[in-house]
Each structure stands twice: as C-alpha cells, then as structure tokens.
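Could you put together the complete structure from these sequences and hints?
Using our numbering, the letters of the sequence shown correspond one by one to residues 1 to 430.
Accuracy of the hints is not assured; some may be wrong.
Unchecked claim - Here are the simulated distance ranges between beta carbons:
(1) 329 x 367: 55 to 63 angstroms
(2) 72 x 248: 35 to 43 angstroms
(3) 66 x 329: 17 to 25 angstroms
(4) 66 x 303: 40 to 48 angstroms
(5) 185 x 358: 48 to 56 angstroms
(6) 44 x 83: 51 to 59 angstroms
(7) 279 x 58: 20 to 28 angstroms
(8) 282 x 82: 17 to 25 angstroms
(9) 248 x 393: 46 to 54 angstroms
(10) 350 x 278: 40 to 48 angstroms
(11) 321 x 82: 29 to 37 angstroms
(12) 238 x 358: 22 to 30 angstroms
These are calculated hints, taken from the structure and not from any lab test. We put the beta carbon where it would ideally sit given N, CA and C, even for glycine.
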Amino acid sequence: GLAAAQAATEGEAAPSAEAATAAAAEEAPAEDPPAAAPVVWDLEACLRRAVELRAELREADAGVAVVEASIEQAEAGYYPTATASVGYQRVQRGASGPGGDNAFSLGVAARWSATDLAWVPTAVRSAEALTDSAVASSQAVRRAIRLQVVVAYYVLWGARRVAALVHETLEAVRIHREYALARREIGTGAAADVARADVEIADAALAVATADAAVQSARAGLARAIGLPAGAAIDIPDVEPEAGVLPELPVDGPERPEIVALRRQAESARTQADVAEAGYWPDLSISASAGLQDSDFFPTQEVWAIGAVVEFPIFSWSTVAPAVDAAEARAEQVEARLETTRDDVALEIENAWYALEEARARLGACGPLLASAAENLRVAEGLYQEGSGSMIELVDARAAILRAQITRVQAVRDLALAAARLRYAAGEEP
1 GLAAAQAATE GEAAPSAEAA TAAAAEEAPA EDPPAAAPVV WDLEACLRRA VELRAELREA
61 DAGVAVVEAS IEQAEAGYYP TATASVGYQR VQRGASGPGG DNAFSLGVAA RWSATDLAWV
121 PTAVRSAEAL TDSAVASSQA VRRAIRLQVV VAYYVLWGAR RVAALVHETL EAVRIHREYA
181 LARREIGTGA AADVARADVE IADAALAVAT ADAAVQSARA GLARAIGLPA GAAIDIPDVE
241 PEAGVLPELP VDGPERPEIV ALRRQAESAR TQADVAEAGY WPDLSISASA GLQDSDFFPT
301 QEVWAIGAVV EFPIFSWSTV APAVDAAEAR AEQVEARLET TRDDVALEIE NAWYALEEAR
361 ARLGACGPLL ASAAENLRVA EGLYQEGSGS MIELVDARAA ILRAQITRVQ AVRDLALAAA
421 RLRYAAGEEP
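Okay, here's the thing in structure tokens:
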C-alpha cells in the first residue's frame, strides 16, 4: 500500500544537486526587500494606545474644557461691570458766534444688577450640570472606544486562527493528492481519486484566499479601532481569549455614563427655563461713577455720581415667554431621550446575556463534535490507506473536522465578545 506507493514515487531518477541548484536559481523570482516586522501588541497594549491616539477622545476632552469655561462665565455675574472712559466733546454755540467750548473727561463707571445677581446661582448650577454631562459623555466615548478595540481584537484572533486551520487543511489535502497519485501509478488507486483530490485542493485554496483576506480586513479594523492607519503593521499574540469574571446583572439598570450625561442635561435645561423666567421680573441696578471733567486738555474738576434704577418690563412677555417655552421643551426632549436610553440599555443587557448563554452552549458542544470528527478522519484515512476506503469519504471527513475546528474558534471568539459586551452593557469596563 503506502510503502509501495512511496517506493514507486522515489524510484524516479533525481536530478543532481548542482542541476537542482541551477534550476532553482533560474526559476526563483527576485526577492523583495524584507518588510518591516509587525508590531505585536496584546489587548492591554491596544487599549492603552487607543486612549493615546483616538481623536474622538481628544474631541471629548476639549468639549469638557469648553463647558468648564461656562461655569466661570456664569460666576462672573456675581461681580459688577466696570468701564473706564476718556472723552472729548466740542460744543458750538450759535451758527455765527465765537468758537465753541471744549469738554474733556476722564472717568470710571460701575454698574451692578441686583436682579441679575439673584439668578446667578441658578445659572451656575446650569453650567455645572452641563459640565458634569460633558464629563460623563467623555467617559462614554472612552468606554465605547475600549469596546471597539476589544471587539476588533477578538475578531482578528478568530480570523487568524481560522486562517491557520485552513492553511493546515490545504497542506493536508496536498498530501492526500500525492498519496492518491502514488497509488494510481502503482495500480492500486483510481484516477478519479486524483481528480477528486484536485477539486479538494482548489476548494482549499479558495478557502485560504478568503481566510487570508478576512485576516487583513480584521487587522485593518483593529488598527482603526486603535487609531492607527489602516495599513499599519500590527499583529496580536496567538492566545485564546477567555470570558473572564462576569458582572452581576443590575436590577434597576446601571448608571452608565451616557445616562448620567442625559440626566444632567435635563437638569441643566430645567434650570435654564428658570433663568429665562427672570425676564418677567423688574431689574434693579445700582450704578456709580467718578472722574474728572472740564475744558482743559488735562481736566481737574472732580465729578461723581451714584444712583439706583428700577426698570419694569412691559412687553417682555413677547420675548421671555418663547424663551421659557423653548427651555422647557428642550428639557422634556432630553428627559424623553433619557427614558428611551434606559430602555435601550435594559434591552442591550438582555441581548448580551442571551448571546453569552448561546456561545457557552456552542462551546460546550464543540468538544464531542471535535472528538467525533477526529475519529471519523482517523478511520477514513486508515481505510483509504488499506485500499478499502474512498477518497470521497476521506474528503468528507477532512471537511467535517475543519468545520468542527472553525465552529470551536467561532464559539470561543463569540463567548469572549459576548462577555465583553455584557460587561459594557452592565456599566463595567469591557
């Protein structure tokens, strides 16, 4: 059987070493310059680099800085407004009279609105709520990016492992073809076995091309998730992921950053409505000024004034009422979005839990499936070598074990992804 086939194939005259070397030198293509070795990063390194490189995080941090400045602007309402002035005026008395009078002035004036002061704390609370919302939104962006990196990392691991299995299968079917060819040459095998092996090689080569493309696509996805160019030379260690410790499901829903952000936005909108209502009330302002004024270029006559003014709005309702209505509508809009987000989070947790359970069940079934497929392949190979089995049975057995191996890889990947998504949905770090 196998020994005779190998003897038959080895009986052909082998070329000399010099001839083989010369032929190889003539047929070998010119070598490309060595490519740079890819950088190998584990999951923690990928997450760390994503925090450093993703532009979305810089944008979120800049947004926090913008709203933090609004707190200082609101607190500025506690202080009076002050202005310094330098003035000149020439007054002509009569159309044909003598030269007019010059009036020079230097002074400082201050105005303080007591009514506005009463609403400053409300405006400050609104700005603080917006700042808290921006901080929570920044945290939400950071968590979303971490989840993207985790997902892309595990997808790349699964694609690499599947590609390795497909390459191994291609090598195995090539060996099968050589064996079938040897059997045909010694008269113990059929020509159909060689033809069937050629079809199997073509199918395996097609699967290799598809798997290699999936690896490149997954590698580009991981690079994008980290913030690197799509063609970055990056790779990951071939370490099988684990689900890790899973969180306890919250009863009332987690306080995820996006929920905190929406709640604080709603509070700020309600506070803005209160601030807008200040336009209905009279405005009490106190002003004081002091300076120098006379007809000399450098005035020396001291002047000062102090007073209080109460202004009663008469038709302000035409502008204040729409502003109040708009602020209240914005608050209702954010509150409705908050309620929708809470429902979406609850559904997200439930879906992640079911996906986790399904991945667990599939992974548990992979053990018996792999064992059965491996035994069938062993039997098929033994029967074929003995001459009592067919190439079709061998091909089917090889395809079955490849499917079982790929199914296990996908189950391991999906279990790790489901665990990460469950942790994310429950408010923990993915």
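For each hint, the structure was consulted:
no., hint, in the structure
1, 329 x 367: 55 to 63 angstroms, "holds, 59 angstroms"
2, 72 x 248: 35 to 43 angstroms, "holds, 42 angstroms"
3, 66 x 329: 17 to 25 angstroms, "holds, 24 angstroms"
4, 66 x 303: 40 to 48 angstroms, "holds, 43 angstroms"
5, 185 x 358: 48 to 56 angstroms, "holds, 50 angstroms"
6, 44 x 83: 51 to 59 angstroms, "holds, 57 angstroms"
7, 279 x 58: 20 to 28 angstroms, "violated, 38 angstroms"
8, 282 x 82: 17 to 25 angstroms, "holds, 23 angstroms"
9, 248 x 393: 46 to 54 angstroms, "holds, 50 angstroms"
10, 350 x 278: 40 to 48 angstroms, "holds, 46 angstroms"
11, 321 x 82: 29 to 37 angstroms, "holds, 33 angstroms"
12, 238 x 358: 22 to 30 angstroms, "holds, 25 angstroms"
When the structure is compared with the earlier hints, a violation turns up for hint 7 alone.
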